[in-house]
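*Asks:* Next come the chains, spelled out residue by residue.
Number of protein chains: 2
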Amino acid sequence: MPAPADHVARLRLIRSDNIGPVTYFQLLARFGSAQAAIDAIPDLAARGGGRAPRLASKAEIEREIERVAKLGARHLFLGQGAYPLLLAELETAPPALIVKGDIALLDRPAVAIVGARNASAAACRFARQLALALGEAGSVVVSGLARGIDSAAHDGALDSGTIAVIAGGIDIVYPPENEARQRAIAERGLLVAEQPPGVEPRARHFPYRNRIIAGLTHGTVVVEAAPKSGSLITARLAAEAGREVMAVPGSPLDPRAQGCNHLIREGATLVQTAEDVLEAISPSRIRPFRQRELDYAAPGPSADADEAARRALANLLGPTPVPVDELVRQSALSPATVQTVLLELELAGRLERHAGGKVSAP
Amino acid sequence: MPAPADHVARLRLIRSDNIGPVTYFQLLARFGSAQAAIDAIPDLAARGGGRAPRLASKAEIEREIERVAKLGARHLFLGQGAYPLLLAELETAPPALIVKGDIALLDRPAVAIVGARNASAAACRFARQLALALGEAGSVVVSGLARGIDSAAHDGALDSGTIAVIAGGIDIVYPPENEARQRAIAERGLLVAEQPPGVEPRARHFPYRNRIIAGLTHGTVVVEAAPKSGSLITARLAAEAGREVMAVPGSPLDPRAQGCNHLIREGATLVQTAEDVLEAISPSRIRPFRQRELDYAAPGPSADADEAARRALANLLGPTPVPVDELVRQSALSPATVQTVLLELELAGRLERHAGGKVSAP
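Residue numbers (my numbering), protein chains in the order written: chain A, 4 to 365; chain B, 4 to 365.
Treat each hint with caution, since some may be false.
So the derived list for chain A, only partly shown, Cβ under 8 Å to chain B, looks like this [what the hints assert, rightly or not]:
#: 1; residue: Phe-34
#: 2; residue: Gly-35
#: 3; residue: Val-251
#: 4; residue: Pro-252
#: 5; residue: Ser-254
#: 6; residue: Pro-255
#: 7; residue: Leu-256
#: 8; residue: Asn-264
#: 9; residue: Ile-267
#: 10; residue: Arg-268
#: 11; residue: Leu-273
#: 12; residue: Gln-275
#: 13; residue: Ala-277
Hints are computed from structural coordinates only; laboratory data are not their basis.
All residues carry an ideal CB built from backbone N, CA and C; glycine is no exception.
Could you build the full structure based on these sequences and the hints that come with them?
*Replies:* Spelled out as structure tokens, the structure:
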């Protein structure tokens, strides 16, 4: 069965170098379909003063789709079918996921448990028991399949339901000692990857992975984390997404407790038991989904920009990321015009997008 | 030098059985002086339908004053001289304190450090170092001279300034192994007692002692505390007095951390260092003193109550403590009339006062 043309077109956009999730979303919103966006890109990039980004070829994408199928996995596309609604809320939601296992887990309430790779044995045991208790209470436990706390959390929830989000391709085992665990989760839980098969995880992939962990869940529990660790990034992303941030405290004399204690000082909920976690994410405390417009049926309004607007915005951009709002204010252009020009500049390789809706010159 | 007559009269009131701090304050506010209150008591009690409480005799009080002087201690009276203003804010401020040592310590910013008697060695070391660092930063450290955390806190602040509030008389050593520590604090710090000399500490004295610890300080730090422990009572009293409540976290696996973790969940500030404590009680966060009217120069308005009002209120009182406001509402009498009748009933032994301004039949 050939892959649907729309999926091929979507993946061609996603796998290009210059098109991140925000731009992808804007292109689909503006042009109504991935194919229409692809057709418009050369013209947009030219107006942005650069060359169009190289898109992945149809053949390349058809090979990816075939490979994913051979691995027993499948794609999920933002705004379609089984793609998780909670994750779709993120401004930076991945346009496509590759998943292997029981996708029904995506429909259940979920909690993330993350923490240090070099956690204490006591903390790992605590994480496993917390995951077990949350699983018994009906929650899916989401983590990152790293050593330490992540692995312990997956182990505790393997029988009740666990989702592992990995930084590399769905077929790449990392860390090596987690091979059996990764296989078990693909068979009995759900394995989730954003990168295409074959991609080895690199440092930059881990924060991307962390946003998916935060985005898939109603809240994130941090168990033992050093200051400035990846677990704290996940916690920050969860907070930015309006999800509950929870942390397990420890003695001030224990350096491994510093990250969690700091989170609690900053306002994270102190949790000691599964009951504490369930109370924090109880339905009464969870705001309703912010349903994004995901069907793209009607193309959004497009604003034509003139050469003067392009020059003004290109001049306002420097190496320091600034909020788009600030550009609207300083340029005195309409928000729609600014978005149009930024899209053109980005496709021309003359703009970078940053966290929190900021942009800069590359 | 004979003791001032006003001090003798005040102590005669204070040392009676039926007159607690709230009643004492109301009597002085209403009659303008302790002696005038003493003169009025038989009549008030008769109207309340009972016999006047036995007041301590002049001779008895003169012996107390003499004994306090011999012990090298002195009385401080609420609203006079060196009596600490922060403590005077409490609705239940002790009408008199007996102090021995350096009363200048009462004028400096102060923090309470309290915790478990059977604390871990690590927690005691932590408390000592926290007290040392707070002392170096200029804070006086207040505690209750109990075993464990209290003793460690006093030790850490002995050089910089520490105040020990004890549950029994100023001359009673408790616990026995703290004899040298208690003597050292009386010589180099300040020892504070509410009970007259010779009184052995009993269970009911400890919560009274705890309110003084909370009342003398801008905030209370709890280091290791079991659920339902005395340290948590101190924390609650601190919160009720509008003071900062701080707690040192611990692992959920450590039973001795449960009380502190619970406090943090309830809103206490998580502290790990002296800097955290100082930040929490920084001048910018401390509200101005609520200066109570303490000179009693002008007697307050007195409302005459008739027999019907007395009967109505006596009928409304049962064994379950109710707020005075509730009595005002249900009786439809004026607040001043209700206060007058309650004062009469109390002096007649027909009313008990409870925490939070509640009253009941005895």
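*Asks:* Confirm or reject each hint.
*Replies:* Right, here's what the structure says about each hint:
Below 8 Å, beta-carbon pairs count as interface contacts, and Phe-34(A) has none with chain B, the closest being about 50 Å; its hint is therefore violated. The criterion of a C-beta within 8 Å of any C-beta in chain B is not met by Gly-35(A), whose closest approach is roughly 49 Å, and the hint is violated. A hinted interface residue such as Val-251(A) counts as satisfied when its beta carbon comes closer than 8 Å to some beta carbon of chain B; here the least separation is about 6 Å, so the hint holds. Restraint check, Pro-252(A) versus chain B: the minimum CB separation of about 3 Å is within 8 Å; hint holds.
Hint status for Ser-254(A) relative to chain B: holds, with the closest Cβ pair at about 5 Å, below 8 Å. The interface hint given for Pro-255(A) holds, since its Cβ lies 4 Å from the closest Cβ of chain B, which is under the 8 Å cut-off. Here the hint on Leu-256(A) is kept, as its CB sits about 6 Å from the closest CB of chain B, short of 8 Å. Restraint check, Asn-264(A) versus chain B: the minimum CB separation of about 6 Å is within 8 Å; hint holds.
Interface hint at Ile-267(A): satisfied, since its Cβ lies 5 Å from the closest Cβ of chain B, which is below the 8 Å cut-off. A least Cβ separation of about 5 Å between Arg-268(A) and chain B falls short of the 8 Å threshold, and the interface hint therefore holds. For Leu-273(A), the shortest C-beta to C-beta distance to chain B is roughly 5 Å, which falls under 8 Å, so the interface hint holds. Interface hint status for Gln-275(A): upheld, as the beta-carbon distance to the closest one in chain B is roughly 4 Å, under 8 Å.
Restraint check, Ala-277(A) versus chain B: the minimum CB separation of about 11 Å is more than 8 Å; hint violated.
The structure is inconsistent with the numbered hints 1, 2 and 13, although it conforms to all the rest.
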